Structure formats: structure tokens, C-alpha cells
Amino acid sequence: MSEHRAQGATGDGRMLIGIDVGGTTTDAVLIDGRRVVSEAAVATAPHNLAGSVLRALDCILESIRPTQVQRIVLSTTVITNLLAENKAEPVGLILLPGPGANPSDYGLPPAHIVHGAVDYRGREIAPLDEAGVRAAGAALRAEGLSRVAVVGKFCQRNPQHERSAKALLLEESPDAVVECGHMVSARLNFPRRVATTLLTLATRDHYGEYAREMSRALRERGLCAPIFVLKADGGTLPLDYSLRTPVETIFSGPAASTMGAVALAPPGESFVMLDVGGTTTDLALVLDGQPLLASKGARVHDLLTHVRSFAVKSVPVGGDSAVRAHEGVLTVGPDRMGPPACLGGPFPTPTDALRVLGAIDLGNAEAARSAMAEVAVALGTGPEGASRRVVDALASTIAGEVETMFAHWRDEPVYRIWEVLREEHARPALLVGVGGGAPSLAPAAASLLGMKCLVPEHAAVANALGAALSRPTMALTLSMDTSQGTWVAEEDGRGGRLEDLRLSLAGAEHMALEMLAARAEEAGIGSYAGDALVTHSEVFNMVRGYSTIGRLLDVTVEIPAGILNDWSAAHGE
Amino acid sequence: MANSADRHSAHSRSAPGASGRGRAAGPTGLIFFPAFDWAISPTHPEREERLLYTRDQIFEEGLLDLPQLAEYRPRLADHHDIARAHFCVPSIEAQSTEAHRIAAGSTLVLVDALEKADIANGFALVRPPGHHAMRVVHGNRGFCNINNMAVMVEYLRTVYGHRRIAIVDTDVHHGDGTQDIYWNDPDVLFISFHQDGRTLYPGSGFVEEMGGPNALGRTINIPLPPETPDEGIHFVLDELVLPVLADFAPELVLNSAGQDNHFTDPLANMCFSAQGYAHLNEKLRPDLCVLEGGYAVETALPYVNTAIIQAMAGLDYSHVIEPDWAPDKFTLKPSVKRGLESVVSQLLGIWRQREPMVEAARAKLGDHYRRQRMVFYDTDMIEEHQEELVRLCRECPGFITLSTRAEQAYNPLPSAFCVSVPIQACPRCAREAAAVYQEHKVAQKHDYVLLQDRLRDRHLRFHSATQEEMEY
Numbered sequence: 000m001s002e003h004r005a006q007g008a009t010g011d012g013r014m015l016i017g018i019d020v021g022g023t024t025t026d027a028v029l030i031d032g033r034r035v036v037s038e039a040a041v042a043t044a045p046h047n048l049a050g051s052v053l054r055a056l057d058c059i060l061e062s063i064r065p066t067q068v069q070r071i072v073l074s075t076t077v078i079t080n081l082l083a084e085n086k087a088e089p090v091g092l093i094l095l096p097g098p099g100a101n102p103s104d105y106g107l108p109p110a111h112i113v114h115g116a117v118d119y120r121g122r123e124i125a126p127l128d129e130a131g132v133r134a135a136g137a138a139l140r141a142e143g144l145s146r147v148a149v150v151g152k153f154c155q156r157n158p159q160h161e162r163s164a165k166a167l168l169l170e171e172s173p174d175a176v177v178e179c180g181h182m183v184s185a186r187l188n189f190p191r192r193v194a195t196t197l198l199t200l201a202t203r204d205h206y207g208e209y210a211r212e213m214s215r216a217l218r219e220r221g222l223c224a225p226i227f228v229l230k231a232d233g234g235t236l237p238l239d240y241s242l243r244t245p246v247e248t249i250f251s252g253p254a255a256s257t258m259g260a261v262a263l264a265p266p267g268e269s270f271v272m273l274d275v276g277g278t279t280t281d282l283a284l285v286l287d288g289q290p291l292l293a294s295k296g297a298r299v300h301d302l303l304t305h306v307r308s309f310a311v312k313s314v315p316v317g318g319d320s321a322v323r324a325h326e327g328v329l330t331v332g333p334d335r336m337g338p339p340a341c342l343g344g345p346f347p348t349p350t351d352a353l354r355v356l357g358a359i360d361l362g363n364a365e366a367a368r369s370a371m372a373e374v375a376v377a378l379g380t381g382p383e384g385a386s387r388r389v390v391d392a393l394a395s396t397i398a399g400e401v402e403t404m405f406a407h408w409r410d411e412p413v414y415r416i417w418e419v420l421r422e423e424h425a426r427p428a429l430l431v432g433v434g435g436g437a438p439s440l441a442p443a444a445a446s447l448l449g450m451k452c453l454v455p456e457h458a459a460v461a462n463a464l465g466a467a468l469s470r471p472t473m474a475l476t477l478s479m480d481t482s483q484g485t486w487v488a489e490e491d492g493r494g495g496r497l498e499d500l501r502l503s504l505a506g507a508e509h510m511a512l513e514m515l516a517a518r519a520e521e522a523g524i525g526s527y528a529g530d531a532l533v534t535h536s537e538v539f540n541m542v543r544g545y546s547t548i549g550r551l552l553d554v555t556v557e558i559p560a561g562i563l564n565d566w567s568a569a570h571g572e
Numbered sequence: 000m001a002n003s004a005d006r007h008s009a010h011s012r013s014a015p016g017a018s019g020r021g022r023a024a025g026p027t028g029l030i031f032f033p034a035f036d037w038a039i040s041p042t043h044p045e046r047e048e049r050l051l052y053t054r055d056q057i058f059e060e061g062l063l064d065l066p067q068l069a070e071y072r073p074r075l076a077d078h079h080d081i082a083r084a085h086f087c088v089p090s091i092e093a094q095s096t097e098a099h100r101i102a103a104g105s106t107l108v109l110v111d112a113l114e115k116a117d118i119a120n121g122f123a124l125v126r127p128p129g130h131h132a133m134r135v136v137h138g139n140r141g142f143c144n145i146n147n148m149a150v151m152v153e154y155l156r157t158v159y160g161h162r163r164i165a166i167v168d169t170d171v172h173h174g175d176g177t178q179d180i181y182w183n184d185p186d187v188l189f190i191s192f193h194q195d196g197r198t199l200y201p202g203s204g205f206v207e208e209m210g211g212p213n214a215l216g217r218t219i220n221i222p223l224p225p226e227t228p229d230e231g232i233h234f235v236l237d238e239l240v241l242p243v244l245a246d247f248a249p250e251l252v253l254n255s256a257g258q259d260n261h262f263t264d265p266l267a268n269m270c271f272s273a274q275g276y277a278h279l280n281e282k283l284r285p286d287l288c289v290l291e292g293g294y295a296v297e298t299a300l301p302y303v304n305t306a307i308i309q310a311m312a313g314l315d316y317s318h319v320i321e322p323d324w325a326p327d328k329f330t331l332k333p334s335v336k337r338g339l340e341s342v343v344s345q346l347l348g349i350w351r352q353r354e355p356m357v358e359a360a361r362a363k364l365g366d367h368y369r370r371q372r373m374v375f376y377d378t379d380m381i382e383e384h385q386e387e388l389v390r391l392c393r394e395c396p397g398f399i400t401l402s403t404r405a406e407q408a409y410n411p412l413p414s415a416f417c418v419s420v421p422i423q424a425c426p427r428c429a430r431e432a433a434a435v436y437q438e439h440k441v442a443q444k445h446d447y448v449l450l451q452d453r454l455r456d457r458h459l460r461f462h463s464a465t466q467e468e469m470e471y
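Protein sequence lines, in the order shown, are assigned to chains A and B. Residue numbers are given in numbering that gives the first Met the number 0: position 258 of the first sequence equals residue 257, and the series is strictly consecutive. Residue numbers are given in numbering that gives the first Met the number 0: position 270 of the second sequence equals residue 269, and the series is strictly consecutive.
Treat the hints with care, since some could be wrong.
[Stated by the list, open to error] Some, not all, of what chain A presents toward chain B, calculated at C-beta under 7 Å: (1) G99; (2) D104; (3) P108; (4) Y119; (5) A406; (6) D410; (7) P412; (8) R415; (9) I416; (10) V419; (11) Y527; (12) S536; (13) F539.
Keep in mind the hints are simulated off the structure, nothing from the lab. Just so we're clear, the structure is a prediction, and the values are computed from it rather than from any experiment. Virtual Cβ for every residue (Gly too), placed ideally from N, Cα, C.
With the rest of the complex left out, here is chain B (with noise of 0.2 Å):
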């Protein structure tokens, strides 16, 4: 097949972590964005008070003044940087705040840094959060509208000419916007280690979520049992992600690096330290790290943030030390231990198989994969029907139409056309596209239909009621 996924690109590096990836030169880039101004509302765990105490502890460690760390100034994202990643329903204007562009467009400072090599690895300590969010959006999930990580992805895959990126998602709970972004592109692994689904928002997240039929196996999902400790995870790590990353061999890894997997953490309940996610940052050796959740904002949040900066820019961080923490506090039951073998050894059995799977799926789907399905917006109360269109294409991972309508208290809110023309397209697939939205914006059956050109970089909102096409 011509597919790219297991093609090695000029970029390739040495495997990740453990297999002995050494950091590049250069300090860590840091770009501290606590959003003092700005809150979901005054009481909302995503609120002005969640970095203050963060932001007391880095500065007052000095970090900033030591020549292994480089701090940079944020800036905003474009409507453009946000067109790669996500259909806005009804605009880009709507969906995102000044704060979002903010957070978005300081992982896109660090992309430059890092892609100039003025650092070595880069973390965007910045807030709102995005990994809730997905490829449509009509409101905000989970604390999140804008997925900062994807709009990292696309720019560095648009602007650097990257293609094969790994995401690990290390928040407690599933990245199921991420997830839902990348279902279908081979070429972006996505790994999310979280809190079972069973027990905790989103919900989802099971290991039966491989991913669309032409990427199955790149979407890795491993629930983790309540109250699993630094030994629980560091098992996944070593046996399962660290190995699966070195085989896949991405030219950068990325970092969702939520923080509430925390002993302290007050949305959910795993037994995770400051160490623990040190040590974690240390073997995975991301390239670049977002903030996303974690609302200890005391107990947790200085400390692990502290950790991980020292982390990532090779310092010590073995005196970071929770007050309420000691080496023997948390243990991992043998039960924990042997549930985590066993989705370990079934993950590592999807990942070998990935290949046949694929061809299975393609020889029992033909030309064309359709799926339907509701997203429930948790934060802004929106229920959201999709019907999604995939194209099985052989020469790229296929054009995506989806139709979404969405309403809001029994309210309809308007609805959408959405077609997506991933940044490997075939020609064939990138005129299909371009006829299908052409098609719709005559058909007059949505208020809006939108193109997403990964492949031109183009990316146009057409409004049926006033006729008017505009280029994001």
C-alpha cells in the first residue's frame, strides 16, 4: 500500500525514551500563560486562581533566571491556525476567545523556537486547556474550545512540512478531542493513558477505540483503574508506550500534559506524584508539552509543574517533595497489576496487528466508512448529532465529510457541513472534496458549509443564507 504510515521520513529519529533518545542541545523553551484575567465563571475549576500559586513557585525557585530554561512571550493564534484544526460552528470568532487564541498561539512560539533549535524542547504552561475539544465544535467540552494540541499539530505539519507526529496524553482524563481529530490520519499516533471511562469524564477512552479503518491501531487508549499509583503507570510506560513509540519512530513526540492524575487532585482519584510525572516527562522525552487539565491548584499544580520543568530541562528534580507525600504512601495492589498486564498485553497485540487490521477493515467496508454518533457538551449543555463520511481511499487516508446539527436546552443551533481534505490527499481525493463542498454550498441544506484544505492550506466558511464565502 502507498500509504505513509510506516514509511520513514527524512526526519526520523533515534527511538524515543528508554531506547536512549538523548535531549538536543539548547535550553527549554517555557511559555507561562496563566490567564489572570480570565475564567469559565468565578467559581469554575478553570478559573483566574488555578496558576497563582504555580506561578509563586516557579518564580520564587528562580527558575527562570537559570540558562537552561528560555522563557518566551505568547502571541495569538490566527483564525487561520484554528481553520487546520477544528470546523467552528457558526465561526471561528464564536467559538474562540482572546484566551483560547493566547494559549493556542503559544505552543505555535514554541514551534518556532524549537524548529529554529534556539531550544531543545518547549512546554506551553498555559491555560484554557483543549483536549475536549474536537473536530467540530459548537461550544465548549470538558473545560476546552480550542484543542491547542491539534493546532500545534497542524502548524508544525503545515509550516515545517512535518508528518509523523506521536501525542501521549497524560491528563486523567481520555483526550477524546484529540482522539476524535486524528481518528483517521495514520500518520498521527495517538496515545492517551487516563482514569477508566467507567469512572470518570468523558466516559470513553476504552481500548476498543483503535481508530477510523485506515488508521486502526494508531489511536491507543488505556484506561487505568482508580487509585493507580507511580509504579501503575510507569508499568504502561516502560511495557507499553514507551515500546510502541520507538517501533512507530515519530519525527517528534508531543505531550498532552494534563496534571490530575494527581494523590490530590479533587475530580478524580489516582494516586499520582510530583516525581512520578517528572520521571514520566524524563523517560518520554517530549519534544513539546501543553498544560492541559489538573485542579489541585494547591497540593498539586506547583509541585508537579515545578517537577516538570526541571524535568525537561535536565535539572534535578528529586527535592520536589508534596508536603503530604511519602515514598511509601501509595503501593500498587496486585489486582491493580495484573488488570494493567492484561490491557497491556492486548494493546501490545492491536499494535502488531495494525497493519491486517486495516486491510481486514478495507476488504469488508469497500469505498466508504459512515458513522453516526452524538456528542454531549458538558460545560455549555449542547447535544450534538453527527453523521460522518469517510472516504476508504488506497493512495491517502481519504476526505471526511461530516454533517452536524446541534441543539442547545430543546434550542437548535445551527448546523453544519463540513468537509476535510487531510495534508496527504491524492488528487483524486482532494477534487472529490472540493466537488462535494461545491455541491453543498448549493444544496442550501445547513446554515453553514465549511472546508477544511489541509492540503492548500485553505480552509473557507460559506454562509447559505447570505451567500457569502469567506477564507479563514
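Extracted from the complex, chain A is given alone in its bound form (with noise of 0.2 Å):
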């Protein structure tokens, strides 16, 4: 399977391109920064992305010369094939969990408990068991596993306790890996935070040859571009510094999408993308023009992490899924028996209902119509009777997610009573299609739900496209706690001594700034810091006995997802 369609640059050179390896496709376009040039979909071979990625390169690649090319963004599903493959690395765990829960409940893989605590205020309140460290790193050498995470509970407001235990294993083995906690994410939640750790331990090697192959191949096309990939919120990150933390890459297909719809749609609006692929149908809310961000992070392989993530609901049925009928009871889904009967597969499927409907031009059209027929008669109708009762099932499933992203949208837990009070969010009224399935499944769907349907231009490849448009994403979270004197910069671990306790929030929200413009720096996105936002701040008076011994702060800032600037300059209004 390959289409492709070129429209010829006309703009200054700048060229984008935009590739989302999908389970089933591989899609890619090329931007020249304004405009679609040209764009195209080839099948994916599963083992075998790298080939995937160039065989979608060269049928966009045809019009101009690899040397125009300024960036190029990949959204690849490597992390969920490892895992799904079990390809993951065996990866130990240490963990310092203090009082709380007992370890066993949270539901994570054995570990060796270690004692020692720090408490919520980064206070230590047991000190680390040194030989307890030594005796869990014995034993997994002994277990032959070389990769090992430490984490313990509130490692993010004072980290001391896990550097010290990696020092003491890189000690007895200085050949094992060793990640910390704290260095992964600074978000509360200890289970998600050790599960992070466990992934991104598990995934490095692999996803590290996977960015040296892709490297490779790309240089080998002439293309010597920055390489940047897509995260599953929707922002970019340079594919070098990708490598600290690959488990954030996951689900970077549908972020790629609702970037791509976003794009797409009219700038600043709210409205509800529904991706229509072959075996599953992504959801997503997107509020004034800015995605829905998933409160918590995202579920990877039954473990809960602090993976951020857009708010996507995965629907496990698409133009690919199995329709079946028995005794006037219609199915779609969940499951795929193979490419829908009009391009040669063994069932019928929403694809062939559509092509019977007329609303597809796909593939053999008898074809189509005979696997609808066997349907038809199991519900005792005709083939387009069949095929309008497929249609509407699967676009009744659709508009039921809706709903219930919506209400799950509603009902988030809140802790301010501003946050109570604040007046709903007016609902979208606005659906927007992308995918394969789209221009047919969507409008059903939106009439479901009284919404107005956009399918627009490029709906097919907006996953791509998302790719290629979107800017670098980066968060920082900076905890002071004045009565202590000192300062955490989460998410490297990175602290100190406070000069001025007297700091007002506003200081501290230009503090984090800065250090988010140093890391970007760092990373080489340091353009984009001064697109940066305060996304939380608070600051707690600490009172003892009627007077105030200091204040706690807390403030996050981020580079937030976006489209880059010349696309939205020459789309917007």
C-alpha cells in the first residue's frame, strides 16, 4: 500500500516534514512551513520502523532537495512495541518507601525494601540503611540484573537519600546502571514515580539503537535537519535528549493527531477530536484551541505513571474491526481479523459497510458488498441496510465515549473553592474528524450528538502533520520551603540554600522561569523558552503556635504544546 500526492513547493525553502509511524501505517508529510507539499502513507512493517520511516520519506522527498529540510519530527510507537513484545530489559528495584502504605499494595513488580525516610518536607526522619543498600545490590547481581532503579517516597523534596544509595551500588558494581526517582519526575505520587523509573530503565537501550538507527538512515537520505520526536503531550523534544526519559514517546500517535487537528481546525477553538483508524478510535478534548492534559499520567502496560499525557480516550473500534451478526444481534469490534473484504480480507468491516454505503472509494466494491450480504441476511435485511445499521453502531459506540469524556471531564476532583465555583466550561459543540475513517464515520457521530462536523483538508494525514507542527514541550517545578532555607528544582534533583527568604511568589515564579530557559538551553530548544507559562504556583504560610515561621512555594512552569508560528500566522484569522 502506498499513496501518495505532491502539490509542488512554493514556499521559501523551509521545509518541514512530519512522520507518525502507526501500528498499521506509516504517514508523513512535508510542510514548507504554511502549506501541505506533499503527503503519504505506506504500510507499516512492524519490525522494521527505520524502513518504514524512509519508504514514507521518499515518496514525499521526490520534489526537493534533502538540504531544505529544517526539522524533522518522528511519532513512532518503538516504547509500545518493546513492550508489547516483551522486549523491555529486566530492570532491579530498590526501594526506600518509609511509612505509608505497605509496598505490596501498590501493585508494582517485587523489589528489595530498604529502610530510611524522608517526609513530605524533605525532612529525613529514618536514615538510609547503608548495608540494607548493599545487601539489595548484592542480591541483584546475584539475580544477574545489571539495570536498577532507586526510589523512595518524597525523593523529590530531598533526593540525598537516593544519591547516596546509587553511590553505594555503583560502589560494589560500577558497571550497573543506576537511575534514581527524583530524576524521572518530581510529581507527587509515589507508585506512578517508581513505575516511571522502571520503564525508563527498561526501554533506554533498546530506544537509544532505535534513535542511532533512525539517525543513521536519515543522514544516509541527506537529510542532516535536527531530528526531534513527539511526545504523548503533544510536544517535541530533540531525539539526543529524548534518550534520558524514552517512555515519554508513548502514545505519541494520538497526541500527533490532536496536534494535527488542532492545526487543522479554526485557531482558538474548542472542540472534540475523533481519530478514526483502522482497529482503534482516539478521542481527545481540546479546550480554546489547547489540549486537555490527562490530570495524572498515563497507564502504560497496567502500570500507572507520570508519563504526561493528553486526556485521550482509546476506543477499540475502527474501520478495520470485525462486524459480525448473529440472530439479529450486530457486533463491531473489538477485534480485527485482517484488512476490511474490500481490500482482500476475510470480514466484513465498517470499511466495507462504508464502501457498500458509497461513501468510500476504496478497494473492490463487490467484494465489499458480498461480505455485507452474509451480514444482511443474519439481520434479515439488505446489504445497504446492513451497512447503515454498521455505520450507526459504530458511530453510536463514538458518540457514547463522547459522553462519557465528558462527564469524566466534569467530574474531576478539585481541592480550591474558586475551582468549585468557576463556571462550567461551555461543552464543544464542534467535532472534528481525522484518519482514515473520518470523513465518513465522523459526521454520523456528530449527529449523534447534535454537534457540527469539520473533516478537514489533510484529516488523513493530521497525524503527521501534528508531528511536523508541533513546538518543543518542557516542565520545570521549582518547592522552597522558606523556613528550611532551601530550595528544589524537581525534575533534575537539582537544590540548594535559599539567599532571600523573604522571596514573594512572583520571585520564585521568575526563578523557575529562568531555570526552565537554562535547561531548555541545554536541550537546544532554548527558542522556545520565552513561550513559557506559570501553569501552578502556591504558596502556603507555615504557622506554628499563631505565628509564621515561613512559607512554602510551589511553582511549575512549562513550555506548553503548540503549533509553530508560521503555520498558525498563516492560518489563524
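Join these two chains into a complex; the hints should help.
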């Protein structure tokens, strides 16, 4: 399968490439900054992702010189595949849980528990049991585990125990690879930090191989532009920088589609993104042009993580879902028995139903009709009637999931009065359909939901377009405790003594923004630091015995997800 | 007698706690509402910081990710919900801020979830607290304006038809507000254990406070000597609270879960631990808990709340150990033990004698019971003078009228005449109460005339100056 359409370059030669490697197809687009120059879709070879990328690239690069390309963004399923195929590396786990839950209640893999604890303000409440660390290290060595995750409760508030444990482990086995929880995530939630640290270590080596292979392949094609990867939060990161925490690139497919829909929808619009794929349909909520982030991190293979991700709902139905009818009862999916009958597959699918109804022009019409005829007999109707019912069933499943998504969004817990009182955000009235199945299915779902529907031009490659146009994202949390006179920059474990104990919240925000700018510079995305926003800031007076002894300041700043300026400017009002 | 006090209703459940009542299926519902943008005043114990470290601990533990827990979003209680529990003077709007309505509303969200069987039990981990707010509210008492527990009980009774409910108040302070609201109600068993009122605010909660004449014995106060440790509280629980609950056989057990019996609490002097609280919860098996006080914001609340949530959800809480606690840190002194034994045996005696005591009181008092009293509002420095008249009916708990006048720093506050019709009211009491309300609207002796008709769930406020009547 290979489709390709070129429209010729018109811009100033600043070309961008976006590639989304999906489970079934690899989509690619070439953009001159303001408009799509060419787009292509090729079948994904699951065991040769780099090959799939190159074939897609060859399709879109026909009309230009490789040196014209300024930026390449990849959205890949490499992490998903690694985990699905059990290729993740084994990782030993050492936990410093301190007082609280029984570690076995967390549903985590077996771990060595070591004594030593810090509390919610980062104060040591029990010293690290160094002999315990050495013993755990020896046990892991005996098990043949050279990768070790060390994670402590509240380590993000004081990483000293994790650091000491790491040093001890490396002292005993210098070849071991040890990763600490505080370097992976600073958000509250110890079990999620453990899972994220585990996944980081388990995927890093394979991911590194993939990244090197990909860079080499692109360079061989004469592409010397910087290579970025897309993350689950719709942001891009330089490929090299993504080696630190590769698990963040999981679920970049739905993020790519969501960002593509943002680029293709009217600027600042609120809408529901509907990406109809072969076996799954993804839903996301975009409010005033900004995709809604999940309040907690993503679930990765039964592990709850801190991976920042859009609030995407994946529904296991799509154009290739198997359609069955038995005694008048119709089911669609969740399994896939192969490609649609109209493309030579063994089973009727929604794609065949759409083919019968003339909604799409794909493959063999007769094959579609005869596949649907079998369904029609079981339903006691004709092929058109059966096809209509298949489309209705799929649309109503999708509509039901959209309603559920709205309900979840409305019922998110809140912790402040103003959040309870704020007027409910008006429910979006627009459905934006992207992906191959969108032109025919999105209008049917929208009509059931009483929403308007938009299937924009280039909808089929919205995912690749989203990858090409997404800006980098980066976040940093700065926590300060003026009574202890300390600060910690979460996510990289840096910290120190506070010089100014009377620092205002505005001062803390300024400090956080400066630190984020420095970190962005280091990652090679310094030019985007100016877009950073304060997304969360809180200050609590600490009062003991009726007098104030200090303040706790907590500031999160981020470079938010967004679409590159050139495109936005060209497609704005 | 026709009183429903000892009639087992259709909802009646098997004996609580030690007698083997099992945990229902489903997760534990939790509403965590720390009101991070509300304080009584910047340095007051009831301030923004109070549940900050609790948030850190329960979020860091990842408890809310577990299938054993379901987190709910709070909502505002309506004025109508508050009117069932309180007479607010001059108005509910004046006495309840948004924070109060959210704290009270949180309990209602959990009631709905419990009644739908979406949850097995629930904990409203919310502030501001409520158990010092009495039937009449002129201002803030003991950090409380609106009694979350009473708003919840009236919602359970009005919307879901429950009758017999037990409230166990485990805050270190006497739950005088809740006691006041249910003083005359034989269908609501109120049990409070607390540090002896001779040594702590609000200075009440003695054994002799046993309820109004028609509900004698249904208010049980257990004063505990200062420095009572886990063992002492569990002695009272095992020997008195659990047997009385088993005997009363309520449809629901509710817990005013204050956490200031903790050995580090700055406002009290007890020696209870996180383990003690969790074990208590496990034995009591409350259907719904509401947070009350607890002001050791760092040394107690993160640990106690974590352990209580775990106990409710059937999770292992044995690893929740405060940094400065050890199993042998506090022991029950023999003298304290002897004191507790004496209180327990006295209260068991009262409990067994409750029906004869009611009969004797009625024989002595006749148709009416009248009492005058002064109520002091510490937070707002208000002095209230009340005259209460309870009709001693044989068909129902009887309607109540209250005349209330208050002053703050020698300035008179608006006065009110209040008429409360119980949810179990007989036709005659309902009729007479309505007539009394009408008479007082004409009499013009008070600034406001208020009707709380729990039977019809109709709550009126009449303003004498403007002659305007409104319904909540």
C-alpha cells in the first residue's frame, strides 16, 4: 500500500517533515511552513520501523532537495512495540518507602525494601540503611540484574537518600546502571514514580539503538536537519534529549493526531478530536485551542505512570474492526480479523459498510457487497440496510464514549473553592474528524451527539501534520521552603540554600522561568523558552503556635504544547 | 408507647463492629477538599495549610490510584439542605460561606454514592469542620458554622428515608453542636468520647448529659482523662460503644472523625496514635466519616488520615507509623483505667435504664419541657440566650420552639423565634407547630420567625420588619 500526492513547493524553502509511525500505516507530510507540499502513507513494517520511515520519506521527498529540510519530527510506536513484545530489559528495584502504605499494595513488581525515610517536607525521619542498600545490590547482582531503579518516597523533596544509595551501588558494581526516581519525575505519587523509573530503565537501551538507527538512516538520505520526537503531551524534544526518559514518547500517535486537528481546526476553537483508525478510534478534548492534559500520567501496560499525556480515550473500534451478526444482534469489534473485505480481507468491516453505501471509494466494491450480504442475512435486511446499521452502531459507540469523556472531565476532583464555583466550561459543539475513517464516520457520530462536524483537508495525515508542526514542550517545578531555607528544582534534583528568605511568589516564578530557560537551552530548544507559562503556583504560610515561621512556595512552569508560529500565522484569522 | 426508638426498621442491619458486620462490596468513596483558599484568619488553626501535608502524603502514597478507592468531586450544599439542620440568624446566606457549603455538600455527594451502592463506605476529608455548630447559628463556634454531620443526617433521612442513625464523634472535643441538634431525637444515637470537659473546650460532654426527656439515654458522653492512650480509647470502644451500637441496631453508623486525640495535637492533651485511629475505624466500621478537628498539621494529620483511609478501604495500615511514635511510648495508667471502668459501667447502666428513665421524666414533666440556657460562641465572641420549649408528645418526639437572643460585644444581634417540626412528627404536633409559627409572625416579638418543618421538608424564614416570608 502506498499513496502519494504532491502539490509542489511554494514557500521559501524552509521545509518541515512530520512522520507518524502507526501500528498499521506510516504517514508522512512535507510542509513548507505554511502549507502541505506533499503527503504519503505506506504500510508499517513492525520489525523495521526505520525502513517504514524511509519508504514514506522517499515518497514525499521527490520534489525537493534534502538540504531544504529544516526540521524532522518523528512520532513512533517504538516504546509501545518494545513493551508489547516483551523486549524491555529486566530491571532490579530498590524502594525506600518509609512510613505509609504497605509497598505490596501498590501492585508493583517485586522489590527490595530498604529502611530510611524522608517526610513530605524533605526532612530525614530515618537514616538510610546503607548495609541494606549493599545487601539489596548484592542480591540483584546475584540475580544478574545490572539495571537498578532506586526510588524513595518524597525523594523529590530531598534526593539525598537516593543519591547515597546510587553511590553505594556503583561502588559495589561499577558497571551497573542506576537510575533514581527524583531524576525521572517530581510529581507527588510514589508508585507512579517507581513505575516510570522502571520503564525508563527498561526501554532506554533499545530506544537508544532505535534512535541511532533512525539518525543514521536519515543522514544517509542526505537529511541533516535536527531530528525531534513527539511525546504523549504533544510536545517535541530533540531525539538525543529524549534518550533520558524515552517512555515519554509512548502514545505519541494520539498526541500527533490531536495536534494535527489543532493545526487544521479554526484557531482557538474548542472541539472534540476524533481520530478514526483501523482498529482504534481516539478521542481527545481541545479547549480554546489547547488540548486537555490528563490530570495524572498515562497508564502504560498495567502500570500507572507519571508520563504527561493528553487526556486521550482510545476506543477499540475502527474501520477494520470485525463485524458480526448473530440472530439479529450486530457487534462491531473489538478485534480485527485482517484488512477489510474490499481490500482482500476475510471478514466484513465498517470500511466495507462504507464502501457499500458509497461513502468511500476504496478497494473492490463487489467484495465489500458480498461480505456485507452475509451480515444482511443474519439481520434480515439487505446489504444497504445492514451497512447503515454498522455505521450507526459504530457512530453510537463513539458518541457514547464522547459523553463519558465529558462526564469524566466534569467530575475531575478539585481542591479549591474557586475551582468548585467556576462556571462550567461550555461543552464544545464541534467535532473534528481526522484519520482515514473520519470523512464517513465523523459526521454520523456528530449528528448523534448534536454537534457540528468538520473533516478538514489533509485529515487523513493529520497525525503526521501534527508531528511536523508541534512545538517543543518542557516543564519544571520549583519548590521552596523558607523555614528550612531550601529550594529544590524538581525533575533534575538540583537544589540548594535560599538566599532570599522573603522571596515573593512572583520572585519564585521568575526564578523558575530562568531555570527552565537554562534547561531548554541545554536541550537545544532555547528559542522556545520565551513561550513558557506559569501553570501552577501556590504559597502556604507555615504557622506554628499562632506565628508565621515561613512559607512553602511551589511553582510549575512549562513551555506548553502548541503549533509552530509560521503555520498559525498563515492559518489564523 | 408508639415511639419508634426501639422498633427495628426494614433497613436495620446486623450488629456493628466486633459482632461481625462485614464490609460491603465496592470501593471507599473519598472526597478530599482541603479548601486551600479559605481560612478563619491567617494564623488561625483552621487555615489554608491545615491539610497541605495530608495532601502530600495521600497523593504521594498513590492511594487514589488504587481500585479500593474512588475519588469524588465536591459540590455545594443548597441552602435548603442547611435549613433542615439549622436555624441561621439572620439568614443561611449570612452564616454559610461557600467553603461551608462545599464541606457540607461533600457529605451529600458521598451519601448519594453510598445509596446507589457505588461505594461501600465513604470519607469526607473536608474542611471547615462542623461539630460545634448547634441548632441555632448566630456565628462561628469552635471553628464551626455549619454542622456537616447534621446536614448529612437530615439528607439521609429526608431524601433516602432512613430513620435510625448512630453518630460516633471521635474528636477530642465534645461534639456539643451535634449533641444539641439531636438532643430530643430518640432515633439518632449520639455518642461522643472526648477529653474531659473540665480540662478542654467546650467544657461540656459529661456523663449526666443524656438527652432530652423523650430521648434520654440516646446521648452518650464519655469524658476521658487527659493522656488517655490507644489502650484506654479501645477499652471504651470495646466495652461500651460497640455493645451499645449493637443494641441500638442503627441503619447507618456515621463518624465525626476528628483527629485531635493524637499525642502531638497542639490544642489537646491525649495520647492516641495513627494506629489507634485506624484500628478504631476498623472496629467501628462507619458507613460515612466526616473530618472534624485535628490541628497537628504535620505530625498527626498526614499519618492519621492515611491510616483511616486505608482502614476504610480494607488496606494494610500497619506501616503508618509516626516518626516519633513507638509501641511502648504510652501506657494506660492503672488510675486512668479504673476511672474509665467506672465511667463505662455508669453509662452502661444508663443505657439499660433508658426506657424507664423516659417514662419517669414524662410522668414528672407532663406536656412540656422548658429550659433556658446561655451559649457562648468562642470564635466570634457571641453570647446567646435561648429559651427552649419541647412538647412531650406520646405519638412522636414532639415539636420544639426556641426563642433566641444574642449579643456581640454588648451589641444586640437579630433575635429569632424558631419552630422545629421533627421528621417523625404526628399530625397533631405538625398542626400545632404550624399554628405557633403563624402566631409568632403576628406577635412581632422577634426580628425573625423561622420554621424548620422536617416532616414536609419545608423551611420558612419570616422577616418581621419587612413582613416578607421566604422559603429555603
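Violated hints, by number in ascending order, as checked against the structure = Violated: hints 3, 5, 11 and 12.
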